[in-house]
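Student: Fit chains B, C and D to the given chain A structure using the hints.
Protein chains: 4
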Amino acid sequence: CSSSSSGSRGPDMDELLRRTVAALPPYESRGISPALREGPSQEFVDFYRALETDGRAALLTKLAADYGADHGLVSQLCGQVTEGRDVDALLQAEARLRYSLTPRYKLLIGHICRLEGGVKFLVDLRADILQLLQSQSADSPQLREMNGILKMLLSDWFSVGFLNLERITWHSSCDLLQKISMYEAVHPVRNWVDIKRRVGPYRRCYVFTHNAMPREPLVVLHVALTDDIAKNIQAIVQYGPSPERSEDVNKITTAIFYSISTSQQGLQGVELGNYLIKRVVKELQGEFPHMKKFSSLSPIPGFTTWLLEILQIKEGKSNQIFTELEYKEIQDAIEGPVLETLKRLLSTNEWVRSDKLVRALEMPLMRLCAWYLYGEKHHGAALNPVANFHLQNGAVLWRLNWLADVSPRGLSSSSGMMANYRYFLEDTNHNSIQYLRSRHIEASEQILSLAAQCQKSSKL
Amino acid sequence: CSSSSSGSRGPDMDELLRRTVAALPPYESRGISPALREGPSQEFVDFYRALETDGRAALLTKLAADYGADHGLVSQLCGQVTEGRDVDALLQAEARLRYSLTPRYKLLIGHICRLEGGVKFLVDLRADILQLLQSQSADSPQLREMNGILKMLLSDWFSVGFLNLERITWHSSCDLLQKISMYEAVHPVRNWVDIKRRVGPYRRCYVFTHNAMPREPLVVLHVALTDDIAKNIQAIVQYGPSPERSEDVNKITTAIFYSISTSQQGLQGVELGNYLIKRVVKELQGEFPHMKKFSSLSPIPGFTTWLLEILQIKEGKSNQIFTELEYKEIQDAIEGPVLETLKRLLSTNEWVRSDKLVRALEMPLMRLCAWYLYGEKHHGAALNPVANFHLQNGAVLWRLNWLADVSPRGLSSSSGMMANYRYFLEDTNHNSIQYLRSRHIEASEQILSLAAQCQKSSKL
Amino acid sequence: CSSSSSGSRGPDMDELLRRTVAALPPYESRGISPALREGPSQEFVDFYRALETDGRAALLTKLAADYGADHGLVSQLCGQVTEGRDVDALLQAEARLRYSLTPRYKLLIGHICRLEGGVKFLVDLRADILQLLQSQSADSPQLREMNGILKMLLSDWFSVGFLNLERITWHSSCDLLQKISMYEAVHPVRNWVDIKRRVGPYRRCYVFTHNAMPREPLVVLHVALTDDIAKNIQAIVQYGPSPERSEDVNKITTAIFYSISTSQQGLQGVELGNYLIKRVVKELQGEFPHMKKFSSLSPIPGFTTWLLEILQIKEGKSNQIFTELEYKEIQDAIEGPVLETLKRLLSTNEWVRSDKLVRALEMPLMRLCAWYLYGEKHHGAALNPVANFHLQNGAVLWRLNWLADVSPRGLSSSSGMMANYRYFLEDTNHNSIQYLRSRHIEASEQILSLAAQCQKSSKL
Amino acid sequence: CSSSSSGSRGPDMDELLRRTVAALPPYESRGISPALREGPSQEFVDFYRALETDGRAALLTKLAADYGADHGLVSQLCGQVTEGRDVDALLQAEARLRYSLTPRYKLLIGHICRLEGGVKFLVDLRADILQLLQSQSADSPQLREMNGILKMLLSDWFSVGFLNLERITWHSSCDLLQKISMYEAVHPVRNWVDIKRRVGPYRRCYVFTHNAMPREPLVVLHVALTDDIAKNIQAIVQYGPSPERSEDVNKITTAIFYSISTSQQGLQGVELGNYLIKRVVKELQGEFPHMKKFSSLSPIPGFTTWLLEILQIKEGKSNQIFTELEYKEIQDAIEGPVLETLKRLLSTNEWVRSDKLVRALEMPLMRLCAWYLYGEKHHGAALNPVANFHLQNGAVLWRLNWLADVSPRGLSSSSGMMANYRYFLEDTNHNSIQYLRSRHIEASEQILSLAAQCQKSSKL
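Protein chains in written order, with the working numbering: chain A, 1 to 460; chain B, 1 to 460; chain C, 1 to 460; chain D, 1 to 460.
Keep in mind that a hint or two might mislead.
Because identical chains share one entry, a pair is satisfied inside a single copy or across any pair of copies.
As the list claims (entries may be wrong) - Heads up, simulated DSS-like pairs for lysine-lysine below, C-alpha to C-alpha not over 27 Å straight-line: (1) K196 / K282; (2) K293 / K317; (3) K343 / K377; (4) K151 / K106; (5) K120 / K278; (6) K356 / K151; (7) K151 / K120; (8) K459 / K317; (9) K196 / K179; (10) K251 / K293; (11) K106 / K278.
Just so you know, these hints were derived from the structure itself, not from any lab.
Here chain A stands alone, though its shape is the one from the complex (with noise of 0.2 Å):
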């Protein structure tokens, strides 16, 4: 389609813009009903649908930058805001200010969300704005400014309140099954026997919906019902029960949250995670009154980078990362020089296929491990995305699994490590209020000895 370019595009975009986003009503009748604005809300969504990704991305800009908040009313107003006024005179002013400062697309978007699938196009129109975002050179406030309005709106209407808990089995709808196989992405589902399994005998898998966008799982949730906190995840997607055994209520004592997926890019920053966890665990608590231990089996992801970054910094320095007997065993069991040859193992993930190596590596990259867990920062927050997660949801930095996967994607990101995420139901309360004021990370003995050790050696 040659004529979305943006040049040719223009005048009808401004056209378009123009006859779809209304402006905003004088404050006085903000409460009388809108006309029914369908069409035109329509007329934008098809418009939209149509372009390519630059004719969007002209679209979205222009969206932003000229239909925002009108910020000469916005400083006139800010003016008549003086503290010193009577209580009423003064709430009315805020009141008149915080709706002079809604920006005219929200409008638009308020039109959209009524529409039939109006929803859904709002969620991948976000999702375009992040790419967006993400993608662009010049940065762009205005579009910044519409993705947090955007972005504030979804959270509003993706509460939790309003979604549905769906306990998905092999008696779901196959469009469903389907959907949720293909945005597994923690562990990939490779076939149906697969699929089958996940939602078979001492599994559960449970998604949240929502009414204005039906057949759409949001955000997935798979469970492994077990005896103890698992230490690998081959035993979990691949070598399950069969899915004809029947459940021995007795041998389930335990809950491992082995992944959890969002399938709505334009969701990002929406929480949903965490309420789905907590929703499932009202759940199995349910079903198993006497279920004790909840725990994740998570990933590592951006360890081995990490970890082929620290073992740069420190080149000539690798006292500071192995201790002296370590790197006698991991020179015995290699070949060529020693941390050149190292990095070349681990950024190949060949060190597994020697035993000889595994286990010269397991003390130091454990240490290490432990420190990049609890000791990298990012604003405070813990570096690692997957922790930062769990420990925001309340969870406890519980354990370090040495070869937990060493599936090709466990190697490439975890260097084949998995953490356990540990949910004491009644301190995650706690512990999330802890971590989210003071940064404080809730960790076993386990972890904080072996980052205690990494620290000391290291200097990290």
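Tutor: What follows is chains B, C and D alone, placed relative to chain A:
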């Protein structure tokens, strides 16, 4: 429960609010997940529910007064908004200002809506606020503000995109049908034979429901399927077709909306009725592609009261109300002093028993009523709320019907008349905009002619 | 419709039957698919439905008489069955004979059951046959045979494996609840508050339905959940817990079956009630694992009539009915000739108004009733149909309750008494077999003692 | 389980059967409720399920032989049936006789069908019987009789009035879709993309299910919606429209039944397929009121085998099979001795790779196949089972299609041809009766002409 006196509760309340209403996080960390505050929010809900009316009033007043926006901060940020600055800085300043205008109680509301039954609680809470606002001698700007904030949130949550349209039939759940019977305010349902007829052949009953308030019809629309625009209500609610007859599609050309009731006081001002009518029109067009006419058959609440006032005002100037001939006929039909007796007969509904009087009053009352609907205004909008509702929706003030509802309720409120507001589907959008902008009322020849006569003679 | 006189219809009927009742295919081609005879079968159904009672009687009689088995063929094949032959030949001969004993109308029935609504038609047709058989002065062996054939088919189709158990609550469909109210024959439902209570807390209501008769409850069982075996019905149907209360599981130890009604006359003799009780017991055990007692609270229909007959028979031998002391007390409580007055008071239910008389009658009536239930037989089985039903199911005749149902209906039929038939789950099978085989009635001490006293004194 | 040898099991079996198969109650008490024999029936089921093939064979044989009808009683009652007696006595004698012909095992069956999962057990039991009958060298008339009795009962239970029609879509339950994929015998489903297409746009998939066998499709019908009668299967199962396209109703004038599979071996001989076609036709007419043509696109299983036999038989008389010209063309297309090579190429499916040979064979194979379908009979009915099925349903043998299924399976069984059996709805009843009565096959000009040529030249 004697402890509910506001006196003794005061300290408790302060304590409770301190505990349960979180502070607004700093702007910088607004994006970070708040801890799951289920406990405190639930505590607030339980505390509130246990209170009597007085205690509730006290708590709400305190909440509105002490947990609003931080006025100092608002004022300070206002100073920083200066139009001249570069876009980025300006938008940032506006965003901070917008955020600072968030009342603290909005966070509490946001947490409550996540609880099970939380949305219903908030709807009922707003009903309490509305009642409080109506009853309060002393004005409370803070309470009014809280009402506004809550209404806005409810409007977002009860957006039409999140509502479920449900058709109610005799196969629907008993509890739903009982609630619908109970909520029917326009033409009360007398018994189960009555409700069975209203969901039977040649009738439709639709409701909006919301996932967060299961088993609660929010707004109910009753429709009669006829072969022409109905002139009176008796034929519809009393002598309808028997529930066993099947519908003859060829006899159905017209849909009469004969009752629309909202059932949740707390959703006052949240537009549901017009969206329901719109959706139902679509449903009906799907079911009956050849349907030609859509119209309401509506009461005219307030007319009798208005009429009696006019008669009072025009005392001694009865020639402004009745023509000479009319006056003569009325005089012939009653005994005693004409106007005084007439007022008594009108206020007791007894006039309808005299055929002579009924004939004598037809012309003058129709004239007055046409004027009442067309000419009487309140803040520029139609004074009569039912008229205002349909005109906002874009309907045409189509026809006045004499002796259309001779039930006691129909006589007391509307002097036995009913109005048809007709929906010409291709014009409703235009009409609605015209009415909202310029207060122009689209009306039929009958209405215009009657209203003109009235205005001329009565000098209204 | 005057043309329904059997005279004028005669030829039509013959013609219709010829057209619609197919001939039995030869034995050899019995396996081959019959053509889809939807047309003729539907014609029969429509014809039958349009007839009045007389016409139906005529048609049924004709069908039974003229379209039975081919007696000539049966007789001929009978000659070919000789036990001495080799197994193959014998079985073949028997198979042919069995086939030849199929009445032609059985084919018609088989086709009708395939029509939409066909099964319901056949159930109603059997109701007609049963009424005809009851009313007919002239005996009709063919009609009796057709009834037997149809009953057998219905028994097959309404086998418990093909029935759906449904729990009815206040959320169930309105039409179902209305039908259940209507069908309740034991303790009539007076209004919707009444039915709401019967499906509310501490109550259960279960029905069997069948796919081929959608929206039709076949048999209805009402259960009260209590903490002991109920002694009277008022507490259950009149003063039950309010519909808003929630159940306290700890207070529920006992299930009282207080009403079981079949709603389809045409399923008379098809066992549904005992299967329903059995299934419900399982449901309740699932819901309340600690439930200890299961018992009916049942009326004793026919007792008052039987009592009045006994009083008639024992005229002049009142010492066989009452002890001297009892007689004296009765005499004190009433005026006029004792037995005559007593009979009048019993047949008008007035006796219950005199506390004195109530006290005086308690012992003798309990004694007589115990005997009536335990000792009175019909073809070897218990004379009282309710007793026979529960005893066949394997229940124990457990307790007689005085003043247990003082409603007019309870007084008229059961002189105000009710019986508990108790189900000891581990014994029901054994009891049922004992009762069916040897007519042994398992009864409690109370019953045995009362019945023995009665038998001794009354020489019954 | 070594104890399953029939030797050691013998006594156990006798014992078990004595315990679990009740005696037929005397005729007089046939109406009285049998005790609930759940325990013994369940014992039989569990015992049977634990047996291996040999044990099952032994048990079934014993059951059929020792628990049939009481031949002595039958013989005796036969003597009492004399046609000359009065109606009442005659009917009574017949009723007793009919009752005496009930095998004892029929009671066991009746009890098993009341168990949970009982019906499915009986269906599977019959599958075992059928396999046993097929495999047995020694003939077993009793087993054959038991099969007949069981088939009759299953036919009653699986009457169309008790079946649920379900449309299967991509939204249907995964387990159902997997079973349907698995059961598809005509054109095997290769993967999930395949099955998604078969339930996608321009396709319909319907099943019958039965309440007593939940989640089990009994018979599956696949339909393609096209604009003309389809000529080959590839277009339907391989290159169908993409699952995302929406249907253009205007392009749909024809329904092609391209696969019908029964999935329960134990329901062999129970008519389900023809009823399913009939119901689906009604559904389609409801959805597409203007649909004009209904036809199958069917394989011709057995034709290749038959063809090779004919070629064998006609060895040396190839002029009866091919015209001189045809023979010449074949000779040109192959190498080596003509008939021998041809037979090899036909039996290995290699012939289809040579365009020349394909052209040369078209006429003679079409001719032979037309004869095979039209002229070859078995017990008077069409030899080809698919032809027989559709002709019984009243379809017309409409068209032979060359190269209509060139899959290995299509070549092996049908030499690549497929047949259309067309359903002219107004004629199916008549055609069916004609076919069943007089074995008349309704066929199109194409078929008649081809068959006539074949008969003439080939002297078949």
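Student: Now, for every hint given, state plainly whether the structure supports it.
Tutor: Consistency of the hints with the structure:
no.: 1; hint: K196 / K282; verdict: within (24 Å within a copy, 31 Å between copies)
no.: 2; hint: K293 / K317; verdict: neither (42 Å within a copy, 80 Å between copies)
no.: 3; hint: K343 / K377; verdict: within (24 Å within a copy, 78 Å between copies)
no.: 4; hint: K151 / K106; verdict: both (12 Å within a copy, 17 Å between copies)
no.: 5; hint: K120 / K278; verdict: both (25 Å within a copy, 21 Å between copies)
no.: 6; hint: K356 / K151; verdict: neither (50 Å within a copy, 68 Å between copies)
no.: 7; hint: K151 / K120; verdict: both (13 Å within a copy, 25 Å between copies)
no.: 8; hint: K459 / K317; verdict: within (11 Å within a copy, 98 Å between copies)
no.: 9; hint: K196 / K179; verdict: both (13 Å within a copy, 13 Å between copies)
no.: 10; hint: K251 / K293; verdict: within (13 Å within a copy, 33 Å between copies)
no.: 11; hint: K106 / K278; verdict: between (32 Å within a copy, 23 Å between copies)
Going through the hint list in order, the structure does not satisfy hints 2 and 6.
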